[in-house]
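Q: What follows is each chain in one-letter form.
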Amino acid sequence: MKTRRIDNYGKINRDKILSFRWDKKDYKGFEGDTLASALLANNIGIVGRSFKYHRPRGIFSSGVEESGALVTIGSKDRRDPNVRATTQELYNGLEASGQNAFPNVNFDLAGINNYLGRFFAAGFYYKTFMGIPPLEWGRGTAIWMFFEKFIRKAAGMGSASELPDPDSYEHAHDFCDLIVVGSGPAGVAAAIEAAEKKLDVILVEQDSLVGGDQLAENNFDNSQIKNQLGNLGIKIMTRTTAFGLYDNCVVGLLERVTDHISAPNVNIPRQRFWTIRAKHIIVGAGAIERHIAFNNNDIPGVMTVNASKHYLNRYGVLTGKRIVIATNNDSVYETAHQLSEAGANVTVLDSRTNFEIETNKSFEIRKGYVPYNINGSKKIDSLDISKSETINKSETINCDQVLLSGGWSPAVHLLSHRGVKPKWDYNNACFLPSDTKENITMVGSSRGLWNKNDCIASGIAGTIDALNRLGISKTNYFFPKPGGWKNPIQPLYEVKNKKSRSKSFVDYQHDVTTDDVRLAHREGFISVEHLKRYTTLGMANDQGKMGNIIGLSLMADLLNKEIPEVGTTVFRPPYTPVSIGALSGRNVGKHFRPLRVTPMHQWNIDHGAKMIEVGLYQRPWYYPKKNETLSDSYIREASTVRKTVGICDVTSLGKIAIQGPDSTEFLNRIYSNDFSNLQVGKARYGIMLRDDGIVMDDGTSWRLAENEYFMTTSTGEAAKVMSWLEELLQTRWTDLNVNVTSVSEQWAGVSVAGPKSREVLNNCVDDSLVVTNNNLPFMGVTSTLLKGNIPCRIARISFSGELAFEVYVKSDFANTMMDLLWENTKKYEGCLYGLEALGALRVEKGHVTVAELDGRVTIDDAGLSKMASTKKSYIGSAMRKRGVLKNKDREILVGFFPTNLKETFNAGTIVCEKNNIKGQGIGRITSVTYSPELGHWIGLGFVKGGLDKWKDTNLVGADPVRNKQMNLKVVSPHMIDPKGERMYA
Amino acid sequence: MIRINCPYCGERDHSEFSYGGDATINYPSLDASEKEWTEAIFFRKNIKGFQFETWHHSNGCRMWLVVERSTVTHEIKSVKPCHPDLQKVVENNK
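In order, the protein sequence lines correspond to chains A and B.
To convert, note that position 679 of the first sequence is 679 in our numbering; the numbers rise steadily by one, no gaps.
To convert, note that position 33 of the second sequence is 33 in our numbering; the numbers rise steadily by one, no gaps.
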């Protein structure tokens, strides 16, 4: 196959040859090539198959707007689908393949779809498969649900790797005075002007090279610009796309760090996701050339005019030999000239009849002609043309390439992200950016300037605008007027074919034809937002960069309206696709969330703990001996606690220091129970309600001194409670003199529980008298010393129903405390116990946790009415009495036993009346455990009306998810030692 | 990204803060009636334009702030501490 590369053109490095693979064959390219330019140089015309019709597709552009050359790069775990070949830089060993074709893009069996086009018009699948009459007439979508997966597969693009992503990604942050998006003439002028005025400037360029559209000029060299920018201290970020603008001048960038390198250093992230906080944003994002809709305008060999100029002058590739250029504007003539100079036979069809243009006559100009139909299927054989005044095939031109220019669309996308609607400019047949109050200025061809000098002037004006808005200067400035061509553009969006079933493509990537737009109109989908969703126009990953305006103009035509009356859809971020990996950055796997460990984490693991995550915390779950399973282990641990003693890490509980003269008043307002008379040296269990009367959290508060309390909260609610207390003190009760400080990290806590717990502590404290029943009665608190002179706080608190203590030391002493307690626990044949045993013990005792206090439960529902003081007002006291919370049939906390004690059940089981097993039943089971004490399974949960109503009734536990059902009986939640004789011992 | 100018820490991303709610509610006294509390808790205006709202600098200085923010554009007109004593400190330091 002959190469299309020509000598003396392009800025590629011809000394550096790169090998790459395309569809399992080896090819060569040069350093500086994109995959697209290398494929074109190797005369590869077909690079993919279209979305629905599986038509051969070639390369349409040379940039981010590409809607044909979407390919898969890499293989196995690095397979990356839907990559635009036009922006993928070539590297040695690059592996790429075409998509949506079997067996390959040149011979694709599904190409039959092309002849079944009538079945694939807009809305076909939905009309056919949803609610199929008569099977599903007017009801349901079950058949669609069944067929959907096959349809999705047939109408797909590339498929992503299902293997874990081996690459790493990074999040990065930066600040600047001014960020300039785009390094074309306007952007560079703006950046230089700003840097000279001492602004801190970042210049962002999505391409690998600085220069913008100048890279398509035959004599352009960017080294001088780069030096100048560098000398001024401007931070240049190439291969970086500003994909979105956000509030307060925040810009999202995606930097492609290694996507152009054949064997990247594994320690370097593949991509970087930048959040830039700027004071002003200048957007010089350029403009995008449109195509023209006419029959078979998608045959490989069709391209935008500007793209062929890029391929010629940047990559040294002459994309055709016999080239027809179809245009409606002046922008193509320089390219026509250069292509003919490079050896192509060029004919320009200009839809305009009356205009003057200077040329060297090296190519033919056909005034008043438009393209009508392309002949050929896998490549262009010839082009039928028509007079623009009366559309009909008039003659045929032999050619191998058709270049299109239907006008230019300024890239207003980034401004659109800020909700600024563009306005239609009739003179230039394009949307122009509107002004915004935000610190964003559009410059260059993205504000509709077609001349380089105007672009440069606009860049400087843009920076003056920025300086004025930032209050640095007050200088007059003006922007050049949009436009700049000698002859006005003549709107031309579609050349309508007389054939009944023409294939005139509006959106190449999603196979949306002009007929689809007409169908949408006939069926009433005339709003642009409906048009878009019904036909999927502009919804592919190019987001309609080339085709949207054509679709709008067709709809305007059908409605007999002007384009601005039809409106435009809103562009949303990202401007070009952003990989999920870049979004997640390093927050993957174990780093998905922060990990919290207690100060005795390693001690626990060293002593055989299996860990479990509770919120962010790693907590000991169980301590298996030898071959013990989880249930062997927790049953042994819980039994040991009831029989002798066990110790358990409870550090993850929230801990808050409450200090100040009004501390008592404060606690008395936030807790539902009375705290006004708690003596120094005593702790109290308390319940906090929300404003609306629902339980927020429970915990204990210890009165350490007249004006000092130590509060514990549940593990999961610690942060919420802390914020809540701060809110109350800073917004509502600003007269209270109270200070709250989170001390969760400062204290390490252990629960010592079981009949022998006092003996254990006795051996551990300096002064054994402090833990006697007299000196430390139930709910007593003491500050004392552990052996080895370790200051500690001990409270006699029980969550297990046994005689028990909580011991706290400063976190630094956690391991010493554990060693000391464990040594003495072993003397009484005690054990270490984990969360599972702790759960078993508390369920037996009927203590509630967050499983029960789930944000829907009142204090009465939880059977804790006694905790609601009647002598005072507190947060939630008015609202907990509101009507709906006083309903007689609310679900009340109860205990559950299986009727047949050998049976088991699970948390989540729905409790129902016999013979009425349906819906949400009359209650639910929230916590379940095997009770070593009772010798069978037990549960806590809720049932409407509570124990009194169902005491002697046989109920049914329905567990449809696990396909289980069992008979249950309701019992008191206090399933062991209801009088608390053990705790008070 | 909304940027909030915390009087203590300086201008920070909104992701450092937690949204509170309507800053103009006068919470009734604890012994007020159910009706008064219902008004305070459940009834909210749906303002188009600037509104006063509370934000907590939860990943910063932990100050609760009153932020005057436009619900249309996210523009922030003013930020001050909720606590009157802290407001005075900020005023005095200006």
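What the hints contain is simulated information worked out from the structure, not anything from laboratory work.
Wrong hints could be hidden among the right ones.
[Claimed, not checked] DSSO-like, lysine-lysine: derived pairs with alpha carbons at most 27 Å apart:
1) Lys77/B x Lys437/A
2) Lys393/A x Lys437/A
3) Lys80/B x Lys437/A
4) Lys94/B x Lys720/A
5) Lys872/A x Lys35/B
6) Lys625/A x Lys826/A
All of these numbers come straight from a predicted model, not from anything done at the bench.
Q: Which hint numbers does the structure go against, in order from smallest to largest?
A: Of the numbered hints given earlier, those the structure breaks are 2 and 4, listed in rising order.
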